[in-house]
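Q: Going down the list, the sequences are from chains A and B. Everything in the first sequence is counted per the numbering used here, starting at 1 for the first residue and increasing by one. Everything in the second sequence is counted per the numbering used here, starting at 1 for the first residue and increasing by one.
Worth flagging that the hints you see were computed from the coordinates, not collected in a lab. Source: prediction; values computed, not measured. A few of these clues could be false.
[As the list claims (entries may be wrong)] Think about it this way: if two alpha-carbon atoms lie no more than 25 angstroms apart in a straight line, the pair counts; the simulated DSS-like pairs of lysine-lysine are: (1) K90(B) - K5(A); (2) K108(B) - K75(B); (3) K245(B) - K285(B); (4) K306(B) - K207(B); (5) K59(B) - K356(A); (6) K75(B) - K5(A); (7) K258(B) - K285(B); (8) K271(A) - K75(B); (9) K356(A) - K533(A); (10) K356(A) - K75(B); (11) K207(B) - K226(B); (12) K207(B) - K59(B); (13) K5(A) - K247(A); (14) K5(A) - K108(B).
[Unchecked claim] Selected chain B positions facing chain A (Cβ under 10 angstroms, derived; list incomplete): (15) D10; (16) A48; (17) V85; (18) D96; (19) F98; (20) F305.
Each residue gets a CB set at the ideal place from its N, CA and C atoms; glycine is no exception.
Take a look at the letters that make up each chain.
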Amino acid sequence: MMPLKPRDNALFVRNFRDRMRPHVIGSYAAILFVLVMIFLLALTEVFADTGRENALFPLIPHCVPARILAYLAVFQGAVLLVLGTLSAYRMALQDRLNGTLDFFRATPTEGLDHVLGLVFGAPIMEWFFFLLLVPVMFVLALMSDVKVAVLAEFYASLALCAVFYHSLGILAGVCATMKKYRAAVNILGLAALICAGTAALVYIRSSVAYHGTFLPCYTNLLMNILDKGAFSRPEFLDYSVHIFFGKPLSPLFFQALVQAPLCGLVWLATKRKISSAETPLLSSFQLLFLTSLILVFFAGDSLFTAEFRRRWYTPQNPNPILLIYFYLVFFLSVLFSIMATPTALGYQKALNRAAKSGLSGPGWFVEQNSNAGWTILLCCLFAAVYFALCAPFKVSLYIFTASFAVLAVFIAFFASAYEFFKLGRFRGKTIIFSTAVLLLWIALPITEAILTSGKYFFFFCFSPLTMFAIWGGMATNDAAVNSATTVKQLIAAVKSSNSSSFSEVGAITVITGHLLMFAAAVLFIFLAARERKRIRARVAGGRELNASAAPARSPDNI
Amino acid sequence: MIEIRSLRVDYENVTAVSDVSLAVEPGRVFGLVGPNGSGKTSLLKAIAGLVEPTYGDIKICGCDLELNPREALQKLGFMPDFNAVYENLKVWEYLDVFATAYLIDRNKRLDLVEKWVNQVGLGDKTDALIHTLSRGMRQRLVLARTLIHDPEVALLDEPASGIDALGRIEMRNTLKEAARGGKAIIISSHILSELSDLCDSAGIMEKGRMVVSGDMARLRAYTGMKTEIVVHLSEASDETVKELKAVLEGRPGIGALKEEKTGEFCAEFSGSRDELPGLLGALVKEGLPIAQFFIREAGLEDIYFKAGAGKTS
Chain A
1 MMPLKPRDNA
11 LFVRNFRDRM
21 RPHVIGSYAA
31 ILFVLVMIFL
41 LALTEVFADT
51 GRENALFPLI
61 PHCVPARILA
71 YLAVFQGAVL
81 LVLGTLSAYR
91 MALQDRLNGT
101 LDFFRATPTE
111 GLDHVLGLVF
121 GAPIMEWFFF
131 LLLVPVMFVL
141 ALMSDVKVAV
151 LAEFYASLAL
161 CAVFYHSLGI
171 LAGVCATMKK
181 YRAAVNILGL
191 AALICAGTAA
201 LVYIRSSVAY
211 HGTFLPCYTN
221 LLMNILDKGA
231 FSRPEFLDYS
241 VHIFFGKPLS
251 PLFFQALVQA
261 PLCGLVWLAT
271 KRKISSAETP
281 LLSSFQLLFL
291 TSLILVFFAG
301 DSLFTAEFRR
311 RWYTPQNPNP
321 ILLIYFYLVF
331 FLSVLFSIMA
341 TPTALGYQKA
351 LNRAAKSGLS
361 GPGWFVEQNS
371 NAGWTILLCC
381 LFAAVYFALC
391 APFKVSLYIF
401 TASFAVLAVF
411 IAFFASAYEF
421 FKLGRFRGKT
431 IIFSTAVLLL
441 WIALPITEAI
451 LTSGKYFFFF
461 CFSPLTMFAI
471 WGGMATNDAA
481 VNSATTVKQL
491 IAAVKSSNSS
501 SFSEVGAITV
511 ITGHLLMFAA
521 AVLFIFLAAR
531 ERKRIRARVA
541 GGRELNASAA
551 PARSPDNI
Chain B
1 MIEIRSLRVD
11 YENVTAVSDV
21 SLAVEPGRVF
31 GLVGPNGSGK
41 TSLLKAIAGL
51 VEPTYGDIKI
61 CGCDLELNPR
71 EALQKLGFMP
81 DFNAVYENLK
91 VWEYLDVFAT
101 AYLIDRNKRL
111 DLVEKWVNQV
121 GLGDKTDALI
131 HTLSRGMRQR
141 LVLARTLIHD
151 PEVALLDEPA
161 SGIDALGRIE
171 MRNTLKEAAR
181 GGKAIIISSH
191 ILSELSDLCD
201 SAGIMEKGRM
211 VVSGDMARLR
221 AYTGMKTEIV
231 VHLSEASDET
241 VKELKAVLEG
251 RPGIGALKEE
261 KTGEFCAEFS
271 GSRDELPGLL
281 GALVKEGLPI
291 AQFFIREAGL
301 EDIYFKAGAG
311 KTS
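Let the sequences and hints guide you as you build the complete structure.
A: Pasting the structure below:
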């Protein structure tokens, strides 16, 4: 393992030698020194102006070392998190595009050693410069009465975050299979998307999203420093953002809880991508773990978000947690299907691997096998978490069962149809499938609503986007529906439901639509099974041919 | 040794290698010939564990590549058809990195690096940065990287491309020595004359299939071309021709002497190559003015065209 023996880790050694040449380090150190000096001189000038009135941060002379410490901490973070991640990405991308990574794949070194060598080796120079400033920071901490423990916690937090970000950079680099500029554009787009999504979640006070970023590193340190001046802590920060499942956690522990398992998954994905460029990012098992992790985060976080919203913003506003849950799990199941469903060739290889190991076929949860087993397992997991989430909202068992059945039908439909199209022989299958899905889920409901001026909603029943809104909304908000204790009461409550649901679309239409969706799901389950059977027959034929082939021989077939 | 049985490699919509079986014994060099897209590189990649075969078994020194990849890869060296190197590393550093990747003990690495740097003729470039090396030098460096962990099996994909004449000779000698040391080598190349000199056996691939394969003697026989001795006299008087006939004709394994053009004579030869030095010695002893003396036989090019691979390339 690399952390124990860095000198025996080939990729660490390669990156270390490449990036830590004395002349390169010397040049960068000189640039860094000049930058820091300019930075400090500029700050001194600003601090000299202590008599300014209405300054944003009124200055108190004895706080100057603390301020310098704060700014240098930001500077260190920029070097380690931003430049380090970029370097990690650049080095991994370089190895992937020029083919040197293939050399390592053909060596007996463990895949995880490759990953660790890249994660800790590629940004080695940034780590070096980061560490260079650490003693200075501790001196400043002593001068400014900032507790050493606070600074130590800041560094632990920053280091954890850096490893996570660097791992993401490495993964992005090894996933690149195209031209450099395309890879750069794609990765920038992806990074922008992740940043925007995280920022939005942080904005709505998602504690998990907050602990997935670098923010926890700085909050405690900067609050400690600012408290020493005239700047007081904002009220919302006094209300701890470190609550998970309603319990306050230590910020560092919470950060580790969020980032460490994600980092582990990123390492696994990187390992898989290094071992083969064609392999999906995560195996089905790993995807299931990721899904469970996201669900746990969602459950723990949503309780906090609810509490936060109740306390700070809109106490009367009902929470759309169940509705969001529907969309989240459906998104996860679509993602799961796309990543875990094998191609015909992948399935063929899985069958052969099983045969080689003396098995009659690949197990349900083996990689590149049919996604049927995984879909069932995933639905069970979704149901369990949904059940737990329904409890605080007092959702009736009827609505729980019905709404989950609708969700399960949509998941089964997508998974089986996707598998059927992916295993199928016909050309243009991806286009056919994606066009059909887009039509059914988005284009037809919208067109129908526009053309009929909102009088008919038949196609709404084929779209998970609209159906989840109806069922999720009803489960969360409709007290009358949820308080029904008999089917008769339920039907009556549904008929008079006012949660933009059945009364508008019409119960008959909804039921007919769902039955049709159910029939479509069953049809595609059958068709996918037929495709698998066809491939199994072909593989069995090929294996018979192999078994009858001559044994390996010295080349001679004239 | 390498054992491949009924190997098939598929990509989406393309079958790159179809039903290839072969075995290469230790100390033997197997040449892989074929037009672009015939499946040579896919075959080598599958043996190197870079591509998962659809069917078939690959065993490296008895280890199944799929079941024991680490053990199998430890015994294998693979040189791909592109010389990707780390531009900012020095020659010794590059080799040291890969010695590390092949799990070689830290104390032995530098000695090995020194040995291989000299072996491939880069002794004076040990401390040079790789970006200062020529293409041929890089190719030799990659060859050293392939063999640094002393693999029992070496796979070389187009190893001679971009190398000058001297470099090729050095590379050929290195590979011959490696084969003498007991390594099983599979080498793919477009430079057929190179392979003719180096290989004990060869195979011609076409559209993913092994069209013809066998040891070189059998492949030569397959072309129908006969092996001949060619003697070129600088002075071809009646007397010298008579003397030449007297020495050659009647010897076992040598057919009738024919004059191809003035001063150039050939005779069918079915004997062993070991007899040739003695034969040349006898001619010289007779005082014949020998300008050239060589064997003319079917090369890989002839076999290649005979197999029809050239027509479809």
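Q: Now look at each hint and say whether the structure bears it out.
A: Status of the hints after comparison with the structure:
| no. | hint | in the structure |
| --- | --- | --- |
| 1 | K90(B) - K5(A) | holds, 22 angstroms |
| 2 | K108(B) - K75(B) | holds, 18 angstroms |
| 3 | K245(B) - K285(B) | holds, 14 angstroms |
| 4 | K306(B) - K207(B) | holds, 16 angstroms |
| 5 | K59(B) - K356(A) | holds, 14 angstroms |
| 6 | K75(B) - K5(A) | holds, 23 angstroms |
| 7 | K258(B) - K285(B) | holds, 22 angstroms |
| 8 | K271(A) - K75(B) | holds, 22 angstroms |
| 9 | K356(A) - K533(A) | holds, 19 angstroms |
| 10 | K356(A) - K75(B) | holds, 22 angstroms |
| 11 | K207(B) - K226(B) | violated, 29 angstroms |
| 12 | K207(B) - K59(B) | holds, 24 angstroms |
| 13 | K5(A) - K247(A) | violated, 39 angstroms |
| 14 | K5(A) - K108(B) | holds, 16 angstroms |
| 15 | D10 | holds, 6 angstroms |
| 16 | A48 | holds, 5 angstroms |
| 17 | V85 | holds, 7 angstroms |
| 18 | D96 | holds, 7 angstroms |
| 19 | F98 | holds, 7 angstroms |
| 20 | F305 | violated, 15 angstroms |
In this structure, the hints that do not hold are numbers 11, 13 and 20, in rising order.
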